[in-house]
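K.L.:
Produce the entire structure from the sequences given, and follow the hints as far as they go.
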Amino acid sequence: MHLAQQPATVVVEAKVAEAVEEAVERTLSSPEFSAEVTADIRNLAQTVKDIRQGFRAVADDLVAFDNDEYKDKDGEVLRLRPQWLGYQATFDEILEKSHRNALAASSMIRQYTEAILTDVDTSEFEDVREELRSFLKKLDEKAPTAQQTQGDLEKLADDVRTFKTTIDETLWKAGNKCASDVDEAKTHLRDVEKKLESISDEKTKLGVLAVSGLLIGGACAVVAMFVLAPNAGKVVMDAVKQVGVVGAGYCGIQGWLLHRQGTECEIEMEECRLDIVDKKDRLRELVGHQAALAQTKERIAALAEKVDTITAIWRVLKCDMQQLQEQLALVVDPDMQVTRRFLKKLRRPREVYNRLADLLELYAKGKFELS
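Mapping to the numbering used here: the sequence shown position 218 is 1110, numbers consecutive.
Derived by calculation from the structure, the hints in this document are not laboratory data. Each hint can be trusted.
For lysine-lysine, the following BS3-like pairs were computed, each having C-alpha atoms within a straight-line distance of at most 27 Å: (1) LYS1047 <-> LYS989; (2) LYS1047 <-> LYS1257; (3) LYS1065 <-> LYS963; (4) LYS989 <-> LYS1030; (5) LYS1065 <-> LYS1189; (6) LYS1189 <-> LYS963; (7) LYS1257 <-> LYS1030.
Since the model is a prediction, treat every value here as computed from it, not as a measurement.
P.N.:
Below you can see the structure in the form of structure tokens.
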């Protein structure tokens, strides 16, 4: 009877794979690796603390801009801080939820590694299969949690990055409104100046009318005096009132009205000049905000990277759970023959899951600064 033999390459590949698995198992159980994991856990706690401090720092940076109450072209007050505080609140919610989920995942992985991934006798295979079915059911329920947490963190990181664009757009709107306000103030000043010129012309005409009716000769000289010395012109008008009933009545009333309008224009012009100075100062202050918020955007970029670090933890957890589901699905399949070698291969990742459980447990129980 001729027995079929496996190709030599298959045997070699199997031996190489087993050697690699054993090397990985030794590495994961080594003190050096344990020290690295401990350091990573400390770094993770620091990362969470840095993220919270980063959110607070950016919020503080936005106070000065919001307090100045810049507006857009429609007159709506532009504010950045409320939107940012919303992101900060979202991170707190995700963090709290992820702590609960991490603790649950850690407990579940502990159960798997300590109760199932152990050496078992052949007679216990069916019992192990039943335990694995139960565990797989729990895993099916818990696995989406890791995916949701990862998705929430990824969205938050995207929102945080997008906020840099929000800052640019808000500053652009504020800048346009400030520049428009300056232009409008200048236009208003020019309009008032033209109005004052018109009043001066009317006063000149009034002087001609009064003098031509009451003076014989010297009219041009008096008109020139009206133009060059308005106050002296007022003295002349007072004198005119005393010598002509009709002329004095008309010129006195009209002159007084024009004088009052001219005074109002001069006051308004001064107010316009002050308004232009104020609006230019506000535009310069906005430039200062732009410089300060440029640093804020750098903080935001660094913050988004740190959020990515937390996201990566949950991405790993999600992948590991998916792999675990695939491995367990093979074992619980009634048509799949469970052999000692198969359980040995399934047990190989035990150290990986143990370390992952350590990381999740310490993450969940970590004392992160919340103030």
